[in-house]
Amino acid sequence: MILIDANLLLYAYDTASENQAEAKRWLEEILSRPEQIRLPWVTILAFLRISTSARAFRHPLSAKEALAIVSEWLSRPNVHTINPTDRHFQILSTLLPVAQASGSLVTDAHLAALAIEHGALLCTTDRDFARFPGLRFQNPLQEPAG
Numbered sequence: 396m397i398l399i400d401a402n403l404l405l406y407a408y409d410t411a412s413e414n415q416a417e418a419k420r421w422l423e424e425i426l427s428r429p430e431q432i433r434l435p436w437v438t439i440l441a442f443l444r445i446s447t448s449a450r451a452f453r454h455p456l457s458a459k460e461a462l463a464i465v466s467e468w469l470s471r472p473n474v475h476t477i478n479p480t481d482r483h484f485q486i487l488s489t490l491l492p493v494a495q496a497s498g499s500l501v502t503d504a505h506l507a508a509l510a511i512e513h514g515a516l517l518c519t520t521d522r523d524f525a526r527f528p529g530l531r532f533q534n535p536l537q538e539p540a541g
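Residues 396 to 541, numbered by my numbering, are exactly what the sequence shown covers, in order.
Derived from the structure by calculation, the hints contain no laboratory data. From the three backbone atoms N, C-alpha and C, an ideal C-beta is built for every residue, glycine too. Be aware that one or more of the hints could be misleading.
To be verified - Estimated spans, in silico, between C-beta atoms of each pair: (1) His454 to Arg526: 31 to 37 Å; (2) Gln485 to Glu417: 32 to 38 Å; (3) Arg522 to Glu467: 25 to 31 Å; (4) Pro429 to Arg522: 15 to 21 Å; (5) Glu423 to His475: 17 to 23 Å.
Using the sequences plus the hints, can you model the full thing?
Below you can see the structure in the form of C-alpha cells.
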C-alpha cells in the first residue's frame, strides 16, 4: 500500500515546477498499477488549497478543475481515501516528541502515523520524514516506488 504526500500531487500539476514532468509521469504510472493507493484527506485538502492559489501556482487551477482531478483519482478502483485507526493518537503521541515535531511538522507526523498504522509506504519529496522512527518512506523522483 502506498500513501501519497501532497507535494508529489502538486508537482504533477504545477506547470511552473521543474519537477512537473517527472512527477506527472510517476503519478500516472503509480495510479495505473494494481497496487493499492491511499490518499489521506489532509493530502487531498492540501492539493485543493494550494493548486487553486495564485500565490502558490503561477497558473492556478480553478476549483472545478482541481475537484475534477481529485474525482478522477478517486474513481480508480485501486485509489481510496484513508483514515486514522484507533491506534492513531497513540502512534502520533509517540512520534511528536521523539521527532521534536511542532508547528507545520505536526501534519507530517500525522501522515507518518497514518503510514505506520496501515503498514504503508509514504511517497514524498520531503526529507523531514526521516525524523520519524518506524516510517517507511521514499522519494520516487529519486528512486522509483514499489
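**Request:** Hint says 25 to 31 Å; check whether the CB-CB distance for Arg522 and Glu467 agrees.
**Result:** 29 Å, holds
**Prompt:** Can the suggested window of 32 to 38 Å be confirmed for the beta-carbon pair Gln485 and Glu417?
**Reply:** With a Cβ separation near 37 Å, Gln485 and Glu417 satisfy 32 to 38 Å, so the hint holds.
**Asked** So does His454 sit 31 to 37 Å from Arg526, Cβ to Cβ?
**Response** With a Cβ separation near 33 Å, His454 and Arg526 satisfy 31 to 37 Å, so the hint holds.
**Message:** I want to verify a distance hint. Is the separation of the beta carbons of Pro429 and Arg522 within 15 to 21 Å?
**Reply:** Hint violated: Cβ distance 29 Å, outside 15 to 21 Å.
**Request:** Can you let me know if the beta-carbon spacing of Glu423 and His475 is within 17 to 23 Å?
**Result:** With Cβ atoms ~18 Å apart, the hint holds.
Of the numbered hints stated above, the single one contradicted by the structure is hint 4.
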